[in-house]
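S.K.: Join these two chains into a complex; the hints should help.
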Amino acid sequence: MKPRHDQYVYRHANGLCVIGLAPSHVAFKDEGGITAIDFNVGKSDRSGVKVTGKRKKNAQHFESNTALCKVSTKNDSYIVRCCVKGSLLEVNQQLIKQPELLNASADREGYIAIIMPKPADWLKIKASLVSFEEYKKLREVS
Amino acid sequence: MEQKAEEEISNAFPPSSFSSSDLKQLLHSLPSNALNHFFSLGVCVRCILRLFGIKGPIYASIDNGSVENPVDSTTSNETKLCNICLGILQFRFYDDKEKRIFQKDTAYDVALLIADMVRQDGYQFDSFSLEVSIPPLILQNEASLWSYMQSKYGSEPWFREKIHTGCVSIKDALKFSLINPLEKLLDCKSSLCPFRIRLTYTHTKASEGVAKCSDNGGSCKRRKTGESDSIGEGTLSSSVEDESFDFSKLFPKSENEPCNFSYNCSRTPFYFGGRYLKYSRNVSQTRWIIDDERMGEASVEEIIGIKVLQACGGDNYKFHAAGREDIDVRMLGPGRPFILEVQNTRLVPTEQFANDIEKMINKEENKLVRVNNLKLVGSDGWNLMREGEGEKQKQYAALVWTSRPLKDEDFQQVSSLKDLKVAQRTPIRVLHRRSPLEREKIIHWMKMETVAGSSQYFLLHLCTQAGTYIKEFVHGDLGRTHPSIGSILGCRAEILQLDVTDIKMECFLT
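Those sequence lines, one after another, are chains A and B.
Counting along the first sequence from 1, when you hit position 36 you're at 36 in the UniProt record's numbering, and nothing is skipped either side.
Counting along the second sequence from 1, when you hit position 262 you're at 262 in the UniProt record's numbering, and nothing is skipped either side.
Here are the simulated PhoX-like pairs of lysine-lysine, each with C-alpha atoms no more than 25 Å apart in a straight line:
(1) Lys97/A / Lys29/A
(2) Lys56/A / Lys471/B
(3) Lys441/B / Lys50/A
(4) Lys441/B / Lys56/A
(5) Lys392/B / Lys418/B
Facing chain A, from chain B, some residues (calculated, C-beta under 8 Å):
(6) Ile428
(7) Arg429
(8) Leu431
(9) His432
(10) Arg433
(11) Arg434
(12) Ser435
(13) Pro436
(14) Leu478
(15) Gly479
No lab work stands behind these hints: they were computed from the structure.
Fair warning: this is a prediction, and the values are worked out from it, not measured in the lab.
The beta carbon of each residue, even a glycine, is placed where N, CA and C say it ideally should be.
So that you can see chain B by itself, here it is in the shape it has in the complex (with noise of 0.2 Å):
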């Protein structure tokens, strides 16, 4: 609902100007006797204009000092707050960070706000999203109000009409009214975006309002997913229906306050994938500190992040890796896939920009990391990642030394070793914070290559199922791993290096 909306404001009539006397005319268009009584309850000119359906700039062109009362085009409405949308529609708020409350006259002033806001933040943007918070008050004042309506005006033939299209809710008529201004102010066009500009409006009377009807609270939250913001004949909920109320009882004129009116600008979280190599064996994957001292001279997350955070301004990275690898193992072959969350950039990341900044990572003189693939990429990026984490197979080296002497019998027992079963109980240096349990993995295969000028020195390579703990196969971990190397070749076994060479997962190759 909300893209129909925007489209309904940038496409369908093209920014003019209305006189005063337009507005009179529409006015006098309307009919009379709900006009007249609307006035003389407090609700300003463009609650009425909505109550009305009516759509369009005219909203935005209204200026609150021009406006005449309809039936003694005397003093208006306008200098009294809205018994409805308590200011909202009248620019009429309360400003946080002046601390006080301000009356603007155009749709235009409140645009000359926002705008100077967007532009002090640096965003680099091609259009924009608006975004309206409203208190559950103001939107059950909508609803009784509608019910009202239904209840006083249910049988005229006028309303009969209108119930198909319903009345235009608070939050349109404040983008009629400010979309517009802020497009010309902004020199582009809104529509859903990742560029987002949130106007919040509370109220300190928010939270009785909301206790009195917990059902319309329901249905105002759904509304927000996107449904029709107009209030139509379905979206009443039936404790409001039942009521039989007294329009001015619900509305005691004296204590209405204006909002709080606070606005920001931010944009949607852009995603990188890509894969990482890791050449040092003391950098680890995340950021690692015991007792305010790090571990590692550095860490995975952090060359790639900072440098992306700085090259697209953004506020924070957030960094998801398929599957990770101690500090003191390489992550070599193609590279483990990993995705960037870089949140509220001021700029726009394009295809370009992620070769760029892969080329600025990969230049670093002192070569801990390597980027390779780097690209944006949308949501579908999560379930490449996560399909088969589990069962993706990956591909190690690893240094072993052996208390004795190996033959050519014992490679050749190793390598005829296919799809062994293991039986890995959670490892002691991990014991502390994982739970205690027995984990079958199972190792495809394995081959053995000599270490010159060694006999007790050799390079394993196997291939593994995910999760399996290569360190402890090799040197059994106290015999809470079976089989293990040692255990096969009968002797015991320790693992002095570790690489991991490949791992089979098809996301981010290219």
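Just chain A, with the same shape it has in the complex (with noise of 0.2 Å):
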């Protein structure tokens, strides 16, 4: 991951992980701040693949550097890594036409992706993340 390209990763009880861009993400300091998203990067277009039925048929399994879209700003673009690895399970067709939900609200409407790690995976990449705590200590956010 590049420095500053910072993104959280929020766990549910259930095991699913809500990705998104923290608020120290470099993208934000850009002027105007995200204009666009793109979800076509790597080999597919991840906002195109359908998820079915219970065992979340179809989804694409992906390691925690694989590119999972591509934000852009007036002037730059960036990629965003899944962080986690896992199947993806969805990811926020809201942002391509509302681009502006990840300046707005980046933890909660602007979030990016779902993934579903295997408990194992979890625990692997666990150790690699940066709980709350110490992020607002690396970041000096209140």
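M.R.: Have a look at this one:
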């Protein structure tokens, strides 16, 4: 992960992980903030996959460093990665039409994707993630 | 057919004792050529009687020790294993528990064993229903023999008469044998009722028999569903008729062993219907265990089920409810309809019993759960509960926090929305176990009530279509439920507490 490309992983008690941009992500510092998002990165358009059924058929399996999407500002674009190895259940389609949600509330309506890791994969990646408390200290955010 | 046979047994003949001379007379009245032939083929006396369509308590009265061969009045066939019924009608069997072969002389002796078993388990009953299960191999023997009789004696006048009544099946003959003694020993009549005494005969050679004649296997199964058990002309499969068989070839005498016999009794399930209320925010609806730890302090199904189970001495219960609520959501108002299925009760529950259990559950000190209108229900209970489950409306009260103070206009705006359509994507909190879908639901009406001393907390009353996720409708689930209270009011909203206040269904209200 490139420096300052800060992302969050919100893990629900049921194991599902909501992935998004942390408030200190460098994209927010650009003038005008984020203006567009593109899920067509890597080998497929992440927004096109239809996951069905309880068994989550057709979900793509990604590594933690797989590209999830690309967010663009006026002058730049940044790759957003999965952070967690697992099945991609859904991406936030609303962002395509309303990319400003990322600027307004990246931690809620501006979430980027939902990933379902296997319990073993979660345990492996957990160590490399930073807790909210540690994050606040590192970024000197109150 | 089962009912008819049982009625015949109970009503037609008063139990009377037949003497061995009565039996001799009866045997002499039968066509002697056929009679002697069957005797020489190793057919037991009860099988012979049933082949000639004889019914009634004579089966129960015969003492195996005093049966004589009608031809030469010497040894009877009862010392050898019958080639047709393999000992079932001779009261010879292998008992798995005792691990030995039993040979009883009279039906009464067998009935004694059964009655002992019934009394051991402490069942309360005022009637019993006898069910018999016979290996397919023997049913095939029955069919083959009948077919043989047809081919050999088809032209004889006595056979022509018989063909209308057919012969008596082994199952019926066994029932004729056992029902009268059992009625005496258990002091009640047999009838179609929930208390079942099941006699199961199995045979190690059974699997071979089934492979031989699959057609016959099919027709045997059909007979189980209540059609005539007697073998008449219409029920034979064509494959058996076509075979030209040598009777003695089909039944090699030396290899025959008696059947395994096991018997038990049980009661068909009873169903209780009612409504439950849940006053606690720490009680789940059903038992909920993760990693050997229970979630919550109790469950509705256990609170109700265990009490009922203990009171009527059942083996287990199954709890079925019309929908469910989260562990932290109270169920108030008239309550949620449920049916509790109790299996194999030792006592017979009555309406009074249901009333007593209801009082007992409601008297509990901790007042976690309440039960209303508990009563016995029949099979119609299911239909009442399942009918329109998807269409029924539910009413809720939610304690909501908003990120900005609310004004009268906000209250009015919310109240003005009628039959609001809401699109809900599968909430993240259940997405791990449900299909990712978008479901359209309807919020029929809403009403907001202020909370004293606060402009950012209020009570939201709403009435929605069944299947609506209320919590997500309040907080919006990261925008995956829209519209939501938050989006309608243009601010952030969170739900703190939720109660179900009404379930608009018609069942179990009295």
